[in-house]
Amino acid sequence: MLHRKKQKQKLKSKLGMPPGTPVFTGQQKMATVDISSICYTETDCSENTPKTIEEIIETIKKSKGVTWINFDGLHDSAVIEAVCEYLDIHKLTVEDILNVGQRPKLEDYSHYLHAVLKEISLDADGETIEQEQISFILKDNVLITFQERTGDVFDGVRKRIREGKGIVRKRKADYLLYALLDNVVDHYFVVLENYGEKLEDLETELLENPDENSLTKLHNFRRETLGLRRSVYPLREMVAGFEKLDEPLFSHINKVFARDLYDHTIKVIETVEIFRDMTSSLLDLYINSVSNKMNEVMKVLTIMTSIFIPLSFISGVYGMNFQNMPELGYKYGYFIVLGVMAVVFVGMLIYLKRRRWL
Amino acid sequence: MLHRKKQKQKLKSKLGMPPGTPVFTGQQKMATVDISSICYTETDCSENTPKTIEEIIETIKKSKGVTWINFDGLHDSAVIEAVCEYLDIHKLTVEDILNVGQRPKLEDYSHYLHAVLKEISLDADGETIEQEQISFILKDNVLITFQERTGDVFDGVRKRIREGKGIVRKRKADYLLYALLDNVVDHYFVVLENYGEKLEDLETELLENPDENSLTKLHNFRRETLGLRRSVYPLREMVAGFEKLDEPLFSHINKVFARDLYDHTIKVIETVEIFRDMTSSLLDLYINSVSNKMNEVMKVLTIMTSIFIPLSFISGVYGMNFQNMPELGYKYGYFIVLGVMAVVFVGMLIYLKRRRWL
Amino acid sequence: MLHRKKQKQKLKSKLGMPPGTPVFTGQQKMATVDISSICYTETDCSENTPKTIEEIIETIKKSKGVTWINFDGLHDSAVIEAVCEYLDIHKLTVEDILNVGQRPKLEDYSHYLHAVLKEISLDADGETIEQEQISFILKDNVLITFQERTGDVFDGVRKRIREGKGIVRKRKADYLLYALLDNVVDHYFVVLENYGEKLEDLETELLENPDENSLTKLHNFRRETLGLRRSVYPLREMVAGFEKLDEPLFSHINKVFARDLYDHTIKVIETVEIFRDMTSSLLDLYINSVSNKMNEVMKVLTIMTSIFIPLSFISGVYGMNFQNMPELGYKYGYFIVLGVMAVVFVGMLIYLKRRRWL
Amino acid sequence: MLHRKKQKQKLKSKLGMPPGTPVFTGQQKMATVDISSICYTETDCSENTPKTIEEIIETIKKSKGVTWINFDGLHDSAVIEAVCEYLDIHKLTVEDILNVGQRPKLEDYSHYLHAVLKEISLDADGETIEQEQISFILKDNVLITFQERTGDVFDGVRKRIREGKGIVRKRKADYLLYALLDNVVDHYFVVLENYGEKLEDLETELLENPDENSLTKLHNFRRETLGLRRSVYPLREMVAGFEKLDEPLFSHINKVFARDLYDHTIKVIETVEIFRDMTSSLLDLYINSVSNKMNEVMKVLTIMTSIFIPLSFISGVYGMNFQNMPELGYKYGYFIVLGVMAVVFVGMLIYLKRRRWL
Amino acid sequence: MLHRKKQKQKLKSKLGMPPGTPVFTGQQKMATVDISSICYTETDCSENTPKTIEEIIETIKKSKGVTWINFDGLHDSAVIEAVCEYLDIHKLTVEDILNVGQRPKLEDYSHYLHAVLKEISLDADGETIEQEQISFILKDNVLITFQERTGDVFDGVRKRIREGKGIVRKRKADYLLYALLDNVVDHYFVVLENYGEKLEDLETELLENPDENSLTKLHNFRRETLGLRRSVYPLREMVAGFEKLDEPLFSHINKVFARDLYDHTIKVIETVEIFRDMTSSLLDLYINSVSNKMNEVMKVLTIMTSIFIPLSFISGVYGMNFQNMPELGYKYGYFIVLGVMAVVFVGMLIYLKRRRWL
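Protein chains in written order, with the numbering used here: chain G, 1 to 358; chain U, 1 to 358; chain C, 1 to 358; chain R, 1 to 358; chain B, 1 to 358.
Next up, chain G with everything else stripped away, as it sits in the complex:
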């Protein structure tokens, strides 16, 4: 709640500003902005952690091969603006990097590429999907990545660069961009799989022992799935964009990887779509289980009533105080009536059994 309020204030204060004004609109998720850089050629690889704008620019200038600079944390907009200015990045791009509510997209500014997408992760209790924005700027042989907070999604690629595994060291920055995107999308599968398990647990719960709580859970699933679709659908268009890029921004040699990435994206979208269908199927399950429970309750009521109301009526008849009621004087009248009651009781049981209510 607090989160949402804060974001709105930012949005309102931004209203009326000229387009391209760089204001960070998210929540500050880290104490400081951590910047790290890796420069590598096929043979060399050096890492450092530049602190100032000058150090970053120095790193870019000195690099002979691919330069990858990564920002963890976006709240220090001044540094980001300065680096972007040095690289001649359009103000609208800087605004998009800082404004964390972007839709995934790929923008071709002819002298550089700008890609934005969401990284997803499950929160501690595994029921809420958290989304963080990751932006990429690819210019010549320099790739700059912007994350909202330090995450482990890039670790695999970083390790491969250090160890010289795979072909990453042999290719240029466009392959690095692809490799990172591939990692982000692969990460989707892990999260979706975990989330899918939660959904299956809920399914089991609904099939076996549904309660009112299940409905709230289901409602949350629907909300989360709606949010997920919003992040995931534009991915398709974005990744398809890579296939249309021209040299020199994105080498033709990497097109086949872009197609592979596209396939993965489609699979992510299909999985989210399946979640959606599953939740609506589960809702039907829940509604039916509620309705079945009601039927159970009604049956018990009807059984109790059907059996005892006629019996009570019989006893009521012989509770009347008429002076002339011959049965009352019979020696075995009472026992005969008890017998009749037993017959009615058994008769009703048989009738209910036949109707399969027992």
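Some hints here could point you the wrong way.
All copies of an identical chain are treated as equivalent in the list; a pair is satisfied when it fits inside any one copy or across any two copies.
List of simulated lysine-lysine pairs, BS3-like, C-alpha gap at most 25 Å [stated by the list, open to error]:
id	residue 1	residue 2
1	LYS255	LYS91
2	LYS91	LYS159
3	LYS29	LYS267
4	LYS293	LYS353
5	LYS267	LYS91
6	LYS165	LYS91
7	LYS170	LYS91
8	LYS105	LYS255
Note that these hints are calculated values from the structure, not bench results.
Position chains U, C, R and B relative to chain G; hints supplied.
Below, chains U, C, R and B alone, put in the same frame as chain G:
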């Protein structure tokens, strides 16, 4: 209700008129039509409030840079017609400006541009979304804007022009058009966010304490969302139109801003779509809560009946007046029967507990 | 019912006939076929009512400007065929004019244009939407219109021609065609608005006092809306066809009007779509109101039962005839039991109050 | 059931065969295969019934004008194969003719045309729609048609050829193909109209006196409509294919008829779509009627209980056996209690009347 | 459950690996990898079972005609990698072959073709659809197929090659690829038909004797259908891809077969779509049957209550102990009351009969 009736009369009186007849079809929302103008170049900026047609034309003629004339209020169709005639605007455009039921659209009349869209705002109680039509005419370096009433949606841009902030003073009227549209679309976010909060309040209400009133609220949300979709969907097409415009109407230098505007529009549409999905999800919640309440009621009924009907039957048996009922003479008969009743009572409670109805 | 049967017989009798056989398939809605003609140039305008085929052809031949011939009533197929043959109209077109079940369409036969659409009106009680077919044939400077019965939908244009208002007298027959179509589409708005009011009345009824009758009304609305969609959806394609037409059939100067007409058509379609969404939203309202009513009934049942069943049980206990029931001999036993009953009664009331059932 | 089983065995026995193996997969619906031929020019027309392959080939060879050979019954695959081989028809086409589960399609093999579609008819009780496959092969001036059994769908055209009515005798085999297709599609309307009447009967039943049987009927309607859609949707694409065909296979002079046929097809599809919407609307009606009935039942239960439970309680009170119950000794005590009961009775009636439950 | 867990571990361990790393992600379904090869020309045909990489390469080298190598089992990634390397297959393709979660697709790597799709089969109890991935690599005249386990889906083609039936021996490897795909798709029909029968059984069950179990079954059907759609939808695009392929990869002579295959694929998709519609129709059936059952229960309750509550009341009245109750002294009072009760009883029966509740 009154409002709707009035509008219809206008529509009917318009029936049969030649196409292009300029008739104002909305409600008059202001006493007078307020006209203001700003003329600016990169260095200069002058404002005034022309009263007559001649003054307006004079303003346009004298201006050396960008001329922006704004109409607040549309009910004085004569002035609007005269200005449009001076600028050689097609009669159908004038009709569209005055007929406030237009769908958002962008029309390229080759010698001028005509853009229409809706501005949205929440009414006093925050539950109804009000829509007002804003029209733009861009011809050469002149931009004319038409609003149904004085609003604050243009204030940010006006201030930036006065103070020379941003690049607005360095560009031509086409950038001004973009900047104003950007403000209108940004305003959508603020309204949608407020509206979204209302929806979340309703969600909380439905999850915690739904009543019949909630349903009426939900129904209103659906209506409003339907109306909103109608205004918001055509925006996409309209804004996409800017990317297809050619020089000199819309400078290529502004295309990148048009793309940014397009992204924002898509986000607005997605938000409205999410609202729609949310309301249908909330309806399910409501229906289920009603159904759960019913279950609660039925359970109580069944519990009461199941417990007391057998007990009543027992007491009925010993209320019979047979002369020969041996139990009646037993010294502790009464207490034994009370004991049996207690056993039945406790037995039923245990049974109901096991079925989880208690 | 009778109507439908009759139409089917026609259809069946038509089965097996060669394509292009002109048979009138509708209901005869007028006693005679009324034919009227208007011939006009920018300066002149003459009207008459030709009775025979020869008179019609004579009118066409003598006319120097635009010739507009209007048929009210289609059951005299011989005259229509003869005129069409004179103008070299394809047999399939003649069949389409007479067969009133056409979908709206625009057909370009290169030497003439054929347009068909539906005119809609509300019947006397305002709950059923009636549809009549209107066909247009535009060849050179001659426009022929075919209506199923005399209506007032063309009156506005006729008046403008007579009085020389607007630009209709300055343009050719293609503009006349546009002006008539514009009138027909404008007429849609009036009908839709009236129909929309009925829908709002129903909404109020459903929110305040729904009965079984409401459901039947709602069901009829759905039927009518389905029928309406069928007539309205193809309009979009048809009107879009005008924008693709070439000189000399449809002058480029009128293209801007075609675009305007297209906008109106989209608005009509959107309105019908909104009706559709509204009816499904109203159905949800109705279902919920029924379900709420049921809850009310169940509550009363449960309240009555919960209160009186325990009380009856108590009285039953003291109605037993055991000889040794000490309480029966107590002096104030009766009054104590009455007191206990009062306590139970009040206790139940408080309990039910707490659960918000009272 | 038997039917379905048989078809499956055929399918399984076909599994693993080379593509293009001609196996008849339908049910044999006729004892023998009836073959008939009509050869005609503008002036002549001769019919015969060839029995052997040689006779058929002879007929084709001798014909000077259009040759139309019709097969009623497909189970004699040898003859069909032989004729097709003579005409140099691709094996896949022969397979398609014999395999009666084809989707409607139009295939252009450049030297011949192959069209498949379904003929629909109602079965005896008018509730099930039966579908039969009709295939057409058009090569040069020869048209061969294949039906599963003798039907009357081609009779109209046959009569027109014999009598020389219409233009069929003046045109080539491509026009004959069109004329036959036109007849098949016209036949759809008749069946759909009959079926639509059944749907309206069901609607009346549901509105007036629904029972459980109605639901089964409705379910069958949905099944039939699903099956119908499957046959009808691909028709659109198929008929649209005719408009794209080139000379000499399909003469340009017949294109205008293809467009007409296309219009009819769209109307068929729309009608099926309306059926679909109607059935789902009827399902809502049914569910509501069930729910309303339930409300009725519950009301009666509640009324009976609400009235008699308090009365029974009162009588229970005075059935207690306390020694000191002063009212019991009052002279008119009994009558006063009866009076109180009457008052309670009337009071409840008034209360229920007010709540509109009576 | 175990299965799913295992797969996830694989996925996680794969995370961070360079793209194109070949890891088998499925379950090992066979003890060993079985490799078989068939080499054939129009006249010759030889089979063997190569064990080592060298033997496979030898087989390819020596072959004069078409070489078909089939892998049953994918867990020995080393062999597969080696063969693919020999044929110069891209690493991403190898990854796709081993990663069994691929969407059906056709990839044209210009020097070879890569096709992936799912084979479906029913498990032992016929309620779960199992999917296995089949990959094809077509390079020059060599076709390599990869299956997860030994199946019978290729047996038909294998037999035809051995026996020289059909045209398979006369064509190249591209026809072999088509023939195998055709078999896989034909296999779909058999499985879908069996599955459709299960669905019809369920339909019968739901119409005649639904229980809670039916709902679980129905829910499973929906799940299976969702999974099936996911495998079947991309097939359309994949098969359509064959029609766009150029020589020499896919001979024009086989295009007509590709079109036939496409038709079959569309039929598969339509069948799955029909299943989907059927399950949602069946859900409605189930919900209604539950609701009807409830109505039945409520009716019995209401009937019992309506009949016996008034009777009990009457008996209660004459069970009161007032001293002055004249009726009690009447000689036939008891019998008269019994008579009155009988009248009420019969009256209620008639009333209920009229309302059709009996």
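So, going through the hints one by one against the coordinates:
1. LYS255 - LYS91: Result: close only across copies, 14 Å inter versus 29 Å intra.
2. LYS91 - LYS159: between (33 Å within a copy, 20 Å between copies)
3. LYS29 - LYS267: between (30 Å within a copy, 24 Å between copies)
4. LYS293 - LYS353: The answer is both: 19 Å in one copy and 15 Å across copies each meet 25 Å.
5. LYS267 - LYS91: For LYS267 and LYS91, only the inter-copy Cα distance (20 Å) is at most 25 Å; the intra-copy one is 34 Å.
6. LYS165 - LYS91: Answer is between; shortest inter-copy Cα gap is 14 Å, intra-copy 37 Å.
7. LYS170 - LYS91: Result: close only across copies, 16 Å inter versus 33 Å intra.
8. LYS105 - LYS255: both (18 Å within a copy, 17 Å between copies)
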